[in-house]
Amino acid sequence: MTCKLQPKIIPYRIILEGSFSATTSLVPIITIEADINNLTTLLGDEELSKYIKAICDIRIDDTTNPTKATQLKNADISSNIISFDANLLETMYFDWRVPHTDILCETYIMVDTVQMSEDYNIEISDDYKNMKGEVERTYIIQGGEINSDLTIMDSREVAEADTGGGGGGSPSGEESDSGGGGEASPSSEESDSGGGGGGSPS
Amino acid sequence: MKKSNSHFSDLMITKDTSGNADFIFGVDMDRMMIDNSAYSALIENMTDTAKRQIALNSEILSFNINRRQVKKEKSLNSLGSPQNPEVFSDETISHPVLTSINDMNEVPIRVSGQSSGIRYLTASDTGLSKQTAGTYQYELSISTIDGFVPTIKKLLNRLYRTSNDVSTYLALLIAPENYDSNRRKSKISIKKSKTDEMSKTYVDAVSYFKNMDNISSEYKRASSLIASRGATKESIGEFQKRLNSVISKTEALIFKTGTGATPDGVANQPSNSSLPNSPIVEIKKSFNNTVSVECKDGKYVDYFQGKGKVGGGLNIFTSTEVKNKKPKTIYIDSSLTSLEMLESRGVTFNVYRSLDLASLKKSPIEDKTSSEKFIGLSAENIGGLLKDDLSIKDLSDASVADLVSINNINMAVSSITPKLSSVNNFQAPNDNITKVMPRITTPSTAITPQTMVLVAPKNSATKSSESMLMSPEWKPIEEIVDTKGAVVLCKQDDGSAEVANGYFLMEMK
Chain C
0 MTCKLQPKII PYRIILEGSF SATTSLVPII TIEADINNLT TLLGDEELSK
50 YIKAICDIRI DDTTNPTKAT QLKNADISSN IISFDANLLE TMYFDWRVPH
100 TDILCETYIM VDTVQMSEDY NIEISDDYKN MKGEVERTYI IQGGEINSDL
150 TIMDSREVAE ADTGGGGGGS PSGEESDSGG GGEASPSSEE SDSGGGGGGS
200 PS
Chain E
0 MKKSNSHFSD LMITKDTSGN ADFIFGVDMD RMMIDNSAYS ALIENMTDTA
50 KRQIALNSEI LSFNINRRQV KKEKSLNSLG SPQNPEVFSD ETISHPVLTS
100 INDMNEVPIR VSGQSSGIRY LTASDTGLSK QTAGTYQYEL SISTIDGFVP
150 TIKKLLNRLY RTSNDVSTYL ALLIAPENYD SNRRKSKISI KKSKTDEMSK
200 TYVDAVSYFK NMDNISSEYK RASSLIASRG ATKESIGEFQ KRLNSVISKT
250 EALIFKTGTG ATPDGVANQP SNSSLPNSPI VEIKKSFNNT VSVECKDGKY
300 VDYFQGKGKV GGGLNIFTST EVKNKKPKTI YIDSSLTSLE MLESRGVTFN
350 VYRSLDLASL KKSPIEDKTS SEKFIGLSAE NIGGLLKDDL SIKDLSDASV
400 ADLVSINNIN MAVSSITPKL SSVNNFQAPN DNITKVMPRI TTPSTAITPQ
450 TMVLVAPKNS ATKSSESMLM SPEWKPIEEI VDTKGAVVLC KQDDGSAEVA
500 NGYFLMEMK
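Top line first, the protein sequences correspond to chains C and E.
The first sequence finishes on residue 201 if you use numbering that gives the first Met the number 0, and the numbering steps up by one all the way, no holes.
The second sequence finishes on residue 508 if you use numbering that gives the first Met the number 0, and the numbering steps up by one all the way, no holes.
Only chain C is shown next, with the shape it has when bound in the complex (with noise of 0.2 Å):
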């Protein structure tokens, strides 16, 4: 039985990236930024820290090829905040236009129990051997639908449909008034003056 730590690794914004289209070279990314928590004085220990890894492992259930996965590592972890960054393409086939029930992530913190011993040659016992702590489970994508709990910012390029058809719904087309209202807003104005903003930006 391996030993719990208490820190744990909560994602608090996830990026997509890429593109649906055939023809783009942009190469598939998720982008995990995670706040650490409960990391103890110990943990940040700076002798201590290079044995402390970050994990996040991500798993991907498409419906053609089923259960695929990457582990990335990160030692810093000294700012509470961490950022992984997936290509994805570099451990698998990977495309965004293949529909994908399920993308989630696992994290958690672990220690190098092993490297240490090493290092220090000193015996530790099985029940220190990859200690890790709370394993946080995110869904990105579930049941094929983004996981609309969770900060997710969709970078990815505009999916173009296969065939024409003018897509799934119809733009209003017209000139809508602006929102401006108590929360701070880029613009004060609120309704379309004709004026057109005074031109191009640069």
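Don't read these hints as lab results, they were simulated from the structure.
None of the values given here were measured: they were computed from a predicted structure.
Just to be clear, a hint being listed does not mean it is correct.
Stated by the list, open to error - Covered stretches of chain E, going by a simulated chain C footprint (3 or more residues, C-beta under 8 Å):
{"#": "1", "segment": "9–15"}
{"#": "2", "segment": "228–236"}
Said to hold, decoys possible - Facing chain C, from chain E, some residues (calculated, C-beta under 10 Å):
{"#": "3", "residue": "ARG183"}
{"#": "4", "residue": "LYS184"}
{"#": "5", "residue": "VAL202"}
{"#": "6", "residue": "SER206"}
{"#": "7", "residue": "LYS219"}
{"#": "8", "residue": "SER222"}
{"#": "9", "residue": "LEU224"}
{"#": "10", "residue": "LYS322"}
{"#": "11", "residue": "ASN323"}
{"#": "12", "residue": "LYS324"}
We put the beta carbon where it would ideally sit given N, CA and C, even for glycine.
Fit chain E to the given chain C structure using the hints.
Chain E alone, transformed into the frame defined by chain C:
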């Protein structure tokens, strides 16, 4: 500019029991607006979403339907010889029937269980019943603003405004108190409706150039780049880059119009301006189908006795009413004058050239001029004052009775009218009245009356609107199954017999 009449169906025209014309036609309004635009080549490369929007912005300036009395005549070839097809003479002036598209009712007709994308417009010509004779053709003329420039103008207005908003947004995040650089998070919150509107503007613009797989998910995706909840300076910058890209693409369209218009100039025009860069599109359509005021053989078949309205376009009946309909032949002899009644029964009066009755008894029959020459069935081969021909004066004002005093006619026929209860037992006098046997018509192939429903053409692989308009197909009503509440277009096919409300709408019950 592509000119085509394939944007319209034939005019499906029928008469109600009062003799007014009810008609309906299908029009692919969107395609008509696009194909007739001065910028159709540019529009060709845009998406269906853009085309729809351009059609929506093609404001109708005028819409008229006129009626004109016509006669068919052979066209002449280069050698001056008559040839087919026949053409309509245009010797008479047009009379306005409808002067606004609001005078027409749009009917949500379903074809083969689905909406066809074609607009079906119906209306009535209640003035036709006031005409007493003749064949009439209907002409449609529409004048619209070319919707291309107004569409691009509106799009640029929205894009420029959003671009300004994004710039302001980024400027706000430069201040350290507004942005957490470590966690790359905004400390200020922009109203969600605002960022949604900005992303919508961007996606709507992109949808003019790219067919989107799922536009609502594109709204969400674009919004995720700028929503306060997770936006970073980098993601907002990415959004701005994409926005500028679509602005450039839209501006390029304005330059390509060759009108000398600039994006700024177009975008800064007031929304209610007369848009000097927007050409006016004039569309004219003369429908080939005509309607004759006279009822064929002096009768018509009415399947819906006592039902139906006057005016307002084709009548609509429920499927139950259609199922229970029964034909009743209505003879319109009652409206005939005594002379016409006799004529309709095959009795013609002869007008003598001389008033010398004594000599008439000796005159051979060839010396007489029969009224048959003027109004009889053989008249069309002779010329003169003919039922199916144009007269010197309007036939609505002239009749045989104009040529002979009604009193004289009534006096002349009063003695024999009682005997004419049936032409079969009528005994022709020996002298001045010649009995002419009713015309013997060639027995036609017996046609079982059938109610037909408009369906999508099965031979068209694409089922395009063009094939729907140009090659409409009809199926017997018994083969049609449609959802409750659906409205379909029907026609009553009784062969050559004239049917009142021959075209009608049926609501499925």
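Here is what the structure says about each hint:
no.	hint	result
1	9–15	violated (count 0)
2	228–236	holds (count 5)
3	ARG183	holds (7 Å)
4	LYS184	holds (8 Å)
5	VAL202	holds (7 Å)
6	SER206	holds (6 Å)
7	LYS219	holds (7 Å)
8	SER222	holds (9 Å)
9	LEU224	holds (6 Å)
10	LYS322	violated (38 Å)
11	ASN323	violated (41 Å)
12	LYS324	violated (40 Å)
Checked against the numbered hints given earlier, the structure breaks hints 1, 10, 11, 12 and satisfies all the rest.
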